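Residue numbers (this note's numbering), protein chains in the order written: chain A, 210 to 286; chain B, 34 to 183.
Calculated from the structure, these hints are not laboratory results.
Honestly, I wouldn't trust all of these hints.
Computed list of lysine to aspartate or glutamate pairs in DMTMM-like fashion (alpha-carbon distance at most 25 Å, straight line) [unchecked claim]:
id, chain 1, residue 1, chain 2, residue 2
1, B, Lys46, A, Asp221
2, A, Lys220, B, Asp49
3, B, Lys161, A, Glu262
4, A, Lys272, A, Asp239
5, A, Lys225, B, Glu168
6, A, Lys220, B, Glu106
7, B, Lys154, A, Glu263
8, B, Lys161, A, Glu263
9, B, Lys154, A, Glu227
10, B, Lys39, A, Glu262
11, B, Lys85, A, Glu227
12, B, Lys161, A, Asp221
13, B, Lys39, A, Glu263
14, B, Lys95, A, Glu228
15, B, Lys153, A, Glu263
16, B, Lys95, A, Glu269
17, A, Lys225, B, Glu45
18, B, Lys161, A, Asp239
19, B, Lys85, A, Glu267
20, A, Lys245, B, Glu168
21, B, Lys107, A, Glu267
22, A, Lys245, B, Glu169
23, B, Lys154, A, Asp234
24, B, Lys85, A, Glu269
25, B, Lys39, B, Glu87
26, B, Lys153, A, Glu267
27, B, Lys95, A, Asp275
28, A, Lys245, B, Glu45
29, B, Lys85, A, Glu262
30, A, Lys272, A, Asp234
Covered stretches of chain A, as calculated for chain B (at least 3 residues, CB under 8 Å) [to be verified]:
id, stretch
31, 216-225
32, 272-282
Computed from a predicted structure; not experimentally measured.
Beta carbons are placed, not taken as given, at the ideal position from N, Cα and C, and that holds for glycine.
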Amino acid sequence: MIYLHYFAGLKDAAGKAEEELSWQDGTAADVLQWAKTSYPSFDFSAVQIAVNEEYVLETEPVKSGDHVAFIPPVSGG
Amino acid sequence: MGTELKPFHVTEKPIDGAPYIDYVTHPGAGAVTLFAGTVREWTNGKRTMYLKYEAYVPMAEKKLAQIGEEIAEKWPGSRTAIVHRIGELAISDVAVIIAVSSPHRRAAYEANEYAIEQIKKVVPIWKKEIWEDGEEWIGDQAYKPEGGQT
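If we strip away everything but chain A, and leave its shape as in the complex, we get (with noise of 0.2 Å):
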């Protein structure tokens, strides 16, 4: 199980903030193509992955019990 997050543009579309996927091994790449998948009314193109509250590359392994975070443009300040 890792759990998602979600905010501003993406958590509307999702119509949610946060969810929990079975997941087995994988990378932020895959993370990443399941939520485009899900929510293809989004534009992902400029959203960075966060694992565990870092930015990470989508390279990075996603193991279960992850935190992993989709984070839009940022617009703080």
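Chain B: place on chain A using the hints.
Coordinates of chain B only, in the frame set by chain A:
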């Protein structure tokens, strides 16, 4: 107060600069800069009614702390505290406060500006503008932190 100030904090409550000035002030400091980011009514000819901020709070606080560490390395003797408010904010509400103390003023100004620039690039906080006739999450077409265009 009763509670200890968190130097890198994301909160739903209204924020005030004074405790952050106190927090960063130390005997080695000769200057403290305080930046307050406030909610602007007009952006590119569009009138904002109010803003809504949201954050990935644990990661945002980690990233704010990282900015503080970077400032301490780049401008030795500097101390930083940053608080960002989330939730619904009205025009002129304070959204972010950055306090930086340094031995001399130039470093305090530079480091403070560095902090707000980094916040706008890497800290997972998002702003939605709510207008009279619609609303939009800001940042959709903007900067991508790593790999990709700047």
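Restraint check for Lys153 (chain B) with Glu263 (chain A), where alpha carbons must lie at most 25 Å apart
Holds, at roughly 17 Å.
Assess, step by step, whether the Cα of Lys220 (chain A) is no farther than 25 Å from the Cα of Asp49 (chain B), and give holds or violated.
Distance of about 30 Å is beyond 25 Å: violated.
Between Lys161 (chain B) and Glu263 (chain A), does the CA-CA distance stay at or below 25 Å?
Answer holds: Lys161 (chain B) to Glu263 (chain A) is near 24 Å, not above 25 Å.
Please verify whether Lys39 (chain B) and Glu262 (chain A) have alpha carbons no more than 25 Å apart.
Holds, at about 19 Å.
Between Lys225 (chain A) and Glu168 (chain B), is the straight-line Cα distance small enough, at 25 Å or below?
19 Å, holds
Pairwise hint evaluation, Asp221 (chain A) against Lys161 (chain B), where the allowed Cα distance is 25 Å at most:
Holds, at roughly 12 Å.
CA of Lys85 (chain B) to CA of Glu227 (chain A), is that 25 Å or under?
19 Å, holds
Between Lys46 (chain B) and Asp221 (chain A), does the CA-CA distance stay at or below 25 Å?
24 Å, holds
Given hint Glu227 (chain A) paired with Lys154 (chain B) - CA-CA distance at most 25 Å
Roughly 23 Å separates the two Cα atoms, so the pair holds.
Given hint Glu45 (chain B) paired with Lys225 (chain A) - CA-CA distance at most 25 Å
Answer holds: Lys225 (chain A) to Glu45 (chain B) is near 20 Å, not above 25 Å.
Would you check chain B against the stretch 272-282 of chain A, counting CB to CB pairs closer than 8 Å, and say if three or more residues qualify?
holds (count 4)
Quick one, are Lys245 (chain A) and Glu45 (chain B) close enough, alpha carbons at most 25 Å?
Distance of about 31 Å is beyond 25 Å: violated.
When each numbered hint is compared with the structure, violations occur for hints 2, 6, 18, 19, 21, 23, 24, 28.
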